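Number of protein chains: 2
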Amino acid sequence: MKYLLSDRMQGMEASAIRELLKVAQDPTVIAFSAGNPAPESFPIAEMAEISASIYKNSPSKAFQYGISEGYPPLRELTTKRLKEKLNIGKDFDQLIIVSGAQQGMELSTKMLTNPKDTVICESPSFIGSINAFKSYDLNLKSVEMDEMGIVPESLEAIVKEDNRVRFLYTIPTFQNPSGRTMTLERRKKILELARKYDFLILEDNPYGELRYTGEEIPTIKSLDDEGRVIYVGSYSKVLAPGIRIGFICAHKDIIAKMVIAKQVSDVHTNQFFMMVAAEYLEKCDLDQHILNVRKLYKNKLDLMAGCIEKYFPEEVIFHKPDGGLFLWCQLPEGYDAMGLCKLAGEKKVSIVPGRVFEVDDKEISGTFRMNFSTPSDENIVKGVEILGAVLKEYLKNNKPV
Amino acid sequence: MKYLLSDRMQGMEASAIRELLKVAQDPTVIAFSAGNPAPESFPIAEMAEISASIYKNSPSKAFQYGISEGYPPLRELTTKRLKEKLNIGKDFDQLIIVSGAQQGMELSTKMLTNPKDTVICESPSFIGSINAFKSYDLNLKSVEMDEMGIVPESLEAIVKEDNRVRFLYTIPTFQNPSGRTMTLERRKKILELARKYDFLILEDNPYGELRYTGEEIPTIKSLDDEGRVIYVGSYSKVLAPGIRIGFICAHKDIIAKMVIAKQVSDVHTNQFFMMVAAEYLEKCDLDQHILNVRKLYKNKLDLMAGCIEKYFPEEVIFHKPDGGLFLWCQLPEGYDAMGLCKLAGEKKVSIVPGRVFEVDDKEISGTFRMNFSTPSDENIVKGVEILGAVLKEYLKNNKPV
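Order-wise, the sequence lines are chains A and B.
Under the working numbering, think of the first position of the first sequence as -14, with each following residue one higher.
Under the working numbering, think of the first position of the second sequence as -14, with each following residue one higher.
No lab work stands behind these hints, which were simulated from the structure alone.
Quick caveat: nothing in here was measured; it's all calculated off a predicted structure.
Treat the hints with care, since some could be wrong.
List time: in silico DMTMM-like cross-link candidates among lysine to aspartate or glutamate, alpha-carbon distance up to 20 angstroms [to be verified]: (1) A:41 <-> B:31; (2) B:-13 <-> A:122; (3) A:119 <-> B:122; (4) B:101 <-> A:122; (5) A:41 <-> B:34.
Covered by chain A, per the in silico footprint, the following chain B stretches (three or more residues, Cβ under 8 angstroms) [as the list claims (entries may be wrong)]: (6) 22 to 30; (7) 55 to 66; (8) 154 to 166; (9) 230 to 244; (10) 269 to 278; (11) 291 to 304; (12) 329 to 338.
We treat Cβ as the ideally placed atom computed from N, Cα and C, and that holds for glycine.
Using the sequences and the hints, build the whole thing.
Next up, the structure:
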């Protein structure tokens, strides 16, 4: 039979990234396409010990229904850590645990937008969030970025003309996919525009603690004195993504409604692993763990960047980020990256064309994203060498449009 | 500052049940208000052993990102079990793992309804689902029930007049809150009406395996030859609710879109516990475990029913169900249960007024729900005795309206 779908879900397609992830499960493919943390970065031994103690000491609590706000000790410890590390958390703020940062985007969108409202995204931006916005039948507009982050003039041009802007979505630090970090000056300017034109900012910061070089830059949320910023964080990149634990810090009026949205969405997040995360924060040294993870990723980033310098043709520009999980590359003017990615796949190396991270359809997009956290060191060397050969072949056999 | 909420979330309030759950956390209160499984019904030892083996043998897989469809072995084993136990699963059907049955309602609603579409619910019905529907700005209509389940004439009267009915939501077996089970004849009739008037059926079956007396009745899904029924099941009541694992079996065209909706909602369900559930299904004896749980709950139900007969005034009608977790009681004509529930709370026994399960506002609602799975045997005896005294006092001091 034919099913009548909601307007909001009409035309929603599976995320290209997720589909690529499936392809990349082919063990003979060197996957630079994922955004996965390295398995060796998961604190397995500590979590195993904590899990065993939960089974021994408080299984009833771990397996029973919990409250939609999240396991109270995890809320408290996360709140405390946000304050200490990032100076986040004013008197008016509260925190809810969600099933990964993705759920933070979903709930924020559900709660704050009506169909055909406008949400502004960086161009390019994270596909998972873009799709969450699309699934609520919104008018997505993209704002220009440069190496310093969102271009304020581009943002102002949009919000000046459009009175249905509900929020700006931004990943200011080690952005996915571009790896860029917004300067402090730009952050202040963006927040000022939000005040002036009365829109909210959804600040997504999954990679903030994964800095390898350069100086810390304050989050937008820490600059926010009136509750204009909804801050979404995650334990996916510092503990493990499979546990699906993230959090939202926002004004208590927003969190109060978020709890209701969460309740009807999945009642609460997996109780056992909220307890594991809380115990980990309480008894283990997350800061030291993050230092280790940073070291691991910095080495991988340096290795990949070195190989790129060695094997890529000079005309291909790449941007070495100060942190995060991604390297962003650009073909010479006039070349499209789709054909390149296809060719690379045939040679058993997967990369993601920049086009999939765009809100607007572009005729040509010469960018592609490479992940350095997931592949082994050996595969980084091997994969970049193959990719270098693919690039040379591609540039030789294709003419710029 | 003032926040502009979406139309769909305007007026959404926290579920009364969830709020009661918080009150019932007062350890001096005997809680008949929850819907929790008994902690002693969780297969802790088996899950502990399985968890330890996952930590030892496949931690990378358990903590890494997974696919939105759910952990493939769990999908396969659940599909197989549905077929064997309930004759569910035609060639056109597929299965997705969700983060508890609640997410099944959320995703189905998001996927299938536009604002102001109609969804039909049993009167009374499960508050969590009602709130999920409300959170998509729907027109909720209630269909009459009697002891045999939904009254077909009442359903036909609605669907005849309303061409925006998208689906009927039903818990046909051991319904929450009424404990009722729909007869086979009624199930067939309901499905026939769905065909005739072209609407879908969302069949929620969290308690189906918790039968203590009477004969099995086929699910509506097992009678469905054309993919008109979306079947939502859960491991909350047979394994544990805190793990948040449920599943949806429906036509593959529906599941394909559901995967996308799931992807933008929380990417995937907690990977570790999808693996625990799969291993449990594979290596342990879930059927035997369910037999044990049934025995445990049957004893509690018999105990509570016996105490009610002993302590409640005769004018209070109660319905002993064939399964599930709830007993449904009714005050004499003209009495409202709100005051009773308040009075009981003051005497440290919590019960839920039937009113909170109603889609429509009623002037008087003399029903209340009692849960027998959570309290200890001792508390069942003690609580029902207190409640009996409260009832006598309430009926004496109040006059019917």
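Violations among the numbered hints: 2, 7, 8, 10, 11, 12
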